[in-house]
Every structure is written in C-alpha cells, then in structure tokens.
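*Asks:* One-letter residues, chain by chain:
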Amino acid sequence: MKIMKTVTLVLLIMFAACKDKPEREDRKQANTITPTEKISDMSIYNLPSVWTDRNGKKVELKELKGNVLVMVMFYTSCKIACPRLVADMRNIEKQVAQEDRGKVKFILISIDPETDTPERLKAFAKENLMDSDQWVFLRGSEEDTREFAAVLAVSYKRISPMDFSHSNIISVFNRGGELAYQQEGLGVNNKNTVDRILELVDTD
Amino acid sequence: MSIIIKRSLLLLLVLPCITLTAQGEQQMAKVKGGVYVPLYGNDITAVRVDDFYLDLYPVTNSDYLAFVKEHAEWKKSLVKGLFADGNYLRNWVSDTDLGEKVVPDAPVTNVSWFAAKSYCECQGKRLPTMDEWEFAAMADETAADARKKKDYNKYILGWYEAPRTYKNPVGSTFKNYWGIYDLHGLVWEWTSDFNSVLLSGESRKGNDEDANLFCGAAAVGATDLMNYAAFMRYAFRASIKANYNVQNLGFRCAVDGNKKSNTYKVALDATK
Chain A
22 MKIMKTVTLV
32 LLIMFAACKD
42 KPEREDRKQA
52 NTITPTEKIS
62 DMSIYNLPSV
72 WTDRNGKKVE
82 LKELKGNVLV
92 MVMFYTSCKI
102 ACPRLVADMR
112 NIEKQVAQED
122 RGKVKFILIS
132 IDPETDTPER
142 LKAFAKENLM
152 DSDQWVFLRG
162 SEEDTREFAA
172 VLAVSYKRIS
182 PMDFSHSNII
192 SVFNRGGELA
202 YQQEGLGVNN
212 KNTVDRILEL
222 VDTD
Chain B
2 MSIIIKRSLL
12 LLLVLPCITL
22 TAQGEQQMAK
32 VKGGVYVPLY
42 GNDITAVRVD
52 DFYLDLYPVT
62 NSDYLAFVKE
72 HAEWKKSLVK
82 GLFADGNYLR
92 NWVSDTDLGE
102 KVVPDAPVTN
112 VSWFAAKSYC
122 ECQGKRLPTM
132 DEWEFAAMAD
142 ETAADARKKK
152 DYNKYILGWY
162 EAPRTYKNPV
172 GSTFKNYWGI
182 YDLHGLVWEW
192 TSDFNSVLLS
202 GESRKGNDED
212 ANLFCGAAAV
222 GATDLMNYAA
232 FMRYAFRASI
242 KANYNVQNLG
252 FRCAVDGNKK
262 SNTYKVALDA
272 TK
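Chain order of the listed sequences is A and B. Residue numbers for the first sequence follow the working numbering, so the first one is 22 and each next one is one higher. Residue numbers for the second sequence follow the working numbering, so the first one is 2 and each next one is one higher.
Hints are computed from structural coordinates only; laboratory data are not their basis. Hints should not be assumed to be uniformly reliable.
[As the list claims (entries may be wrong)] A few chain B residues that face chain A, going by a derived Cβ cut-off under 8 Å, partial list only:
#1 81
#2 82
#3 114
#4 197
#5 199
[Unchecked claim] The list that follows gives simulated cross-link-like pairs (lysine-lysine, DSSO-like), each with its CA atoms no further than 27 Å apart:
#6 59/A <-> 76/B
#7 242/B <-> 70/B
#8 176/B <-> 155/B
#9 100/A <-> 59/A
#10 115/A <-> 100/A
#11 150/B <-> 176/B
#12 33/B <-> 59/A
#13 81/B <-> 70/B
#14 124/A <-> 178/A
#15 79/A <-> 176/B
#16 178/A <-> 79/A
#17 33/B <-> 83/A
#18 178/A <-> 31/B
#19 83/A <-> 31/B
#20 59/A <-> 83/A
#21 115/A <-> 178/A
#22 81/B <-> 59/A
#23 212/A <-> 126/A
#24 178/A <-> 76/B
#25 78/A <-> 143/A
#26 86/A <-> 81/B
#27 155/B <-> 70/B
#28 143/A <-> 79/A
#29 81/B <-> 102/B
#30 242/B <-> 86/A
#31 126/A <-> 79/A
#32 115/A <-> 83/A
#33 77/B <-> 83/A
#34 124/A <-> 59/A
#35 242/B <-> 81/B
#36 178/A <-> 242/B
#37 115/A <-> 59/A
#38 150/B <-> 59/A
#39 155/B <-> 59/A
#40 143/A <-> 100/A
Ideal placement from N, C-alpha and C gives every residue a C-beta, glycine not left out.
The whole structure should be built from the sequences, with the hints applied where relevant.
*Replies:* In structure tokens, the structure reads:
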C-alpha cells in the first residue's frame, strides 16, 4: 500500500514537473553562454523567458543583445494612460537621430497577454504608426509577464475584465541588458531619457 | 507498462528536482475557496478565490539549504544580482553552512522573490497569489474569517511590534481554521503577484490610492485596527522589489486546488 502511494506521489509530482519541462529546457539553453558573449549578473539576458512578437515569432530577450532597449509595459485595450505612454515612446523615438535608430529597439510588452494576441499587437502597431523594425511588441505567459514586471519594478493589477491599473514607467537598458535609466510618470519631460539613450548608443 | 518502467521513466523526467522533492516535501492544507473583500489594494469589490493548497509551514532554513545544495545557481556566492541583491541569505555563514546563529527550523528569510519562486517551482508548486495568501490569513483558530475579531487584530499588530520573531521555529504560532500555521507571528511572506499593489498614486486612478491610504491610516477602532494591519502588509509589498532580501520576509508554496486536488490529497495522506 505504501509503495502504491509512493508511486502515485511520484506520478503526480511528475505531472507537475512535466508541465514545467519545456521551460526548464529553455532555462538551460539560456544559461549556456559562451565566454565571448558573457553578460553581467544584472543583465535581463539572464532571464530565460520566451516571448512572441507581433508576427507570431518566438523571441528570447537575449536576441535583442547589442541594442539599447527602451521598454514599456502596456496593453492595447487601455484607453487612458497607455495612449499617453505610447505617445511618450514615439516622442522619444523621434528624438533619436536617424543614424542611431538602428542601434535602439523600442519594446512594448503587453500586461494583458490573453487579449493581446500577435494579430492584435500587429493591428495596434499599424494604427499607431509603429510598424517599422525598431518597434518590438511582445507578449508572454502570465507568469513571465509578472516576472518581467518584477524586474522593471512595474506594478500592475487587473481591475476589471477590460482594465488594468499599472505603473507608468519607461525603462532604458544598455547594450548588455542592464537597467540604465527609468522615467516615471505620464507626459514628463523626455529629455533625460533621450540623453541617456544617446549616451548609451555611443558607448560600446 | 509495468509500474517499475513507468516509475523510472518518471524519475528521468523529474531528475532536476528529484532529491529535493524527497527532502522538501511538505504537508499542505486545502483551503476552500470563496469570495472575500480584500482590505487593501485596488479592489473595492469582492474577489473570488478558487480552492488551493497551501504549505502548512513557511519554508525553513534547512529546507532551503537542501534546495541550495541541489541548485548551485542559488548559492549565495553564485546567485546573480538580477535575482537577489547582496543581502541574500546574509545570516548564513557560507553557501552550505547555516552557522550557529541561524535556527534550522526557523523560516528561511533574506530570500528574494526570484529565489522563493524558483524553490516552489522545483517542487511542482508555486508561490500563492496575494489574494490566496490574504484569504487563508483571515482565519484564526476557529473562524475562516476572523478579521472583525478584536483579539485577532490585536495579535497581529502585537506581532508586528515584536522583535526577531524570524528566529522562532515554524509551527510555534497558532494553527488556523484551515490547519495552517504561522501565517501571522513569525515572518512576512512573498506572494507571486506582490507587485500588483499600487499605493503611491502612480496608477491610472491617480490619487485614489493615497486617499485610501490616509483614510485607513488615520482611522481608529475595531475594523480600523484590522484595516491598519492589512494596510501594513500591502504597503510593505508595494515597497519591495523582486531581488530584495529582507530579514523578516520568508515564503511558503501553494498548489491549485482544482487541477491537482487529488495529487495533494495523496501527498497529504502519504505523509500522515
């Protein structure tokens, strides 16, 4: 009887582990970094999460390595703060000189991955004239999204089926994926953020 | 397929956490879900909590030591700054030595959210959500929701003022209505969505939260004591970051009640 119980236990634990398995494999891969592309302890490229972009393509954060990243968390059905956050992002993008834009990626991560399918993100990008390559829209699992928000110190909570309350923070990462600057609030002066981005673009 | 083959196959699949599971397996209690009105946060309305299982005790130093031995990336000398700042396991003498001052049976503290999350995942569990934790923690010895009882609130607030309770062994406070120990009285605990608290007026809703905050903080009376105790927890959650390691902050793990109810009933029976 005891053996039966143990077997059942192992079986059941295994089901739980099974679910996690692909993720664990990803984690392993993410940790296999050759010395030449070594990243620092504070780099977001240590995160193993896998995301989907607006074209339905799987994206690992570390694929963005080498770019200066400007990131914001948002959701497409947001009517109040996000349009202003998105406007801030476009405003920042405009101030980055044409020749530097190739070295900067502007990243919008959905906090409502259930609603924000790749199709929806794509439509949103088009509508908001953010359709070029430097704009990256990402969605991931609820859990990975929560984790990424934790990294950015962004708080969010679903307050109704359609709405979230969330922090309005734009984060800038250096080429190695380390957090370099955060701009908090809506419609604030973007000058410091832009200066920091340009500085980071010039740093190798 | 014979049981033996099945079993060895399973063992292969769970290899990364297998020894840990044997050591760290902890009894869980089932918490019957329901609807409750959180005391703080952005919800003014009732929230539905589904059935779930919660560890009977906070994870202890010795539990965590076993985990660290299996998962070298969580040793204090190896952990990445992104996942845990310099205070990680700061009271431990070395990577695998608790030292004289750290009580093995006391809750592990100075662990980051990432570390706590990883520990639970490795056991096929997860961190409880804030609503789950608050729901289970409304109980005293006899009632599922004791929040309106004066003694319950006095006890919690008394504890908030007591020094160094993180050094007491798990199980040394009361067993609540659900059979769970130490939700109040030893350490504060991480929740999976601790970063869903918006108290600083930074949210879309403008300064509503601040208004709430001041209303609660300024109030005195029976229900206000209860609001105050809860407010302390929510404010604390809003003030920490995921890679922080705090002296009086530990954790315990949870499992969905509906998906795996049979699983953990078995686990519970087997360990009894």
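*Asks:* Need the list of violated hint numbers for this structure, in ascending order.
*Replies:* Of the numbered hints given earlier, those the structure breaks are 9, 12, 14, 15, 17, 19, 21, 24, 27, 37, 38, 39, listed in rising order.
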